[in-house]
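Chemist: Start from the sequences, fold in the hints, and give me the full structure.
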Amino acid sequence: MFIRSQHFVLIYSTACLPARYVFTFLASASLAIIYGLKVNLSVAIVVMVNSTALSEMALTYDSHNNDTHLNESSNSEFACPANANTNQTDSSQDGPFAWPEPIQGLILGAYFWGYIVTQIPGGRMAEMFSAKWVVWASVFVNVLFTLLTPVAANISYIAVLVVRFIEGLGAGVSMPALQVLLSKWAPPNERNKISSLVYAGMSLGTVIALPFSGILAEKIGWESVFYVQGGLGSIWCILWILLVFDSPKDHPRIHPAERDLFEKCMENGGAKRPNLPVPWKAIATSVPFWALLVAHMCNNFGWYMLLVELPTYMKHILRFNIGKNSLLSAVPYLCLWVFSIIWSNLMDYSKNKKWINTTTVRKLSTAVASLLPALCFIGVSLAGCDRITAIVLMSLGTMFMAAMYCGILANPTDLASNYAGTLLALTNTAATIPGFIVPVFVGALTHGNQTVNSWQIVFFTTAAILLVELIVFTLFSSAEEQPWNQAYTTGAGAKGRPRAAETKQLNKRTSV
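457 is the number that the working numbering gives to position 331 of the sequence shown; each next residue is one higher, with no gaps.
Everything labelled a hint here was simulated from the structure, so no lab data went into it. On a predicted model such as this, the values are computed, not experimentally measured, just so you know. Everything hinted at is true.
Once the Cα atoms are required to be at most 25 Å apart in a straight line, the calculated BS3-like pairs of lysine-lysine come out as:
1. K390 / K375
2. K480 / K390
3. K479 / K390
4. K477 / K390
Label pairs and their in silico Cβ distance ranges:
5. K390 / L232: 50 to 60 Å
6. D386 / A493: 35 to 45 Å
7. F255 / I583: 41 to 51 Å
Every residue, glycine too, gets a C-beta built ideally from N, C-alpha and C.
Modeler: As structure tokens, then:
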């Protein structure tokens, strides 16, 4: 079997497919797997939970406490009239677990608690050791514990919490490590395209996992969601080991013409730098870095609102049941994936024609990813009970978010390619915080108050935060290399002592 694999690799190495495109495909697939394994539980839990038992428990509790259970469908003065085509919950799909809503929330949220912990360690490990193996470990952990999810569920919901937390720990290192690899494998004239294709794996994974999970859960059973998708993810683990390397210089079978390309356009031919200490003080006082961090946080606030809360709005206010149509729920992410390809190619084309520079690309992309979704949030709020308009605006808002791949997510490599993983880890750690804030914020405004007016406050607040992103990034960001990127380099053999000129420059200023 091993000989056959080696033979496959040799065939690949003699083909015309450049090594950087093989890396792009597999890197994008890594995020698709991680995000697919993240969202599959959101679909599977619908049929894992025994809704009938939970309803009986709620009625028993209400009768013992003399509480009146308010029927949501009777609140026509608070929301839109019920849709005549709304599907009702099928009791035959009830699962074996009587997990009430608070426990379901804990299970779904446990992933993010792990995700936020490993961002910075993951970035440093990728820079100091091997980004290739950090990414591999990230996917492997998610695949392994996805396969263990059915076993954990049959033990206890606490076991599922642990499994999901560990999956989050593994996923947390993926994006910082991929940022390090992108700094080595994405030539400047293709950086927008390659970065966008890699990060578009997040939406592609969602596009595939949502309907696929629904089909598996309905046709085979909820356990198959984890066994089938985990098994398919394991194939990637083998291909990544065989076909991907830390840098072009480390690749033993890269075509000489492609190696020359990296030698000409990348510093040191894209080779991995020796272990460099992080200039923490310089980063902490860098204005472009803080602009990036604030923009990333604001952008994620809007992203999590689209990802998590708009479906809730459609269910409670518009009375539109998308739970029965997982394909429809994947449409916004399909739009995002397509737009990311179109936008990144447009940006690379415009930059290569010298119509715009890199800083303009970053600012323009961030403007598209903030201003246009903000307008869509306002539009959804003002659409009233027009369900079609709400779906279109939700899809457009999600689609325009794809421009962030050429904006805030590509900016760390511009500022400091030697510390790209650390920078993205820092900003992504801060940007994960809205993942906890958004549900609390929406819950506080809408708990027992599912009205159009309360949701208008939610959407207008989100639009305002996205406008903060637009203003801050437009005024203070930069795509110029920061002086502290080279503060500890004197050549390939640098061991961590700063150059005198750079040290003096850092003492004077640390931002452009």
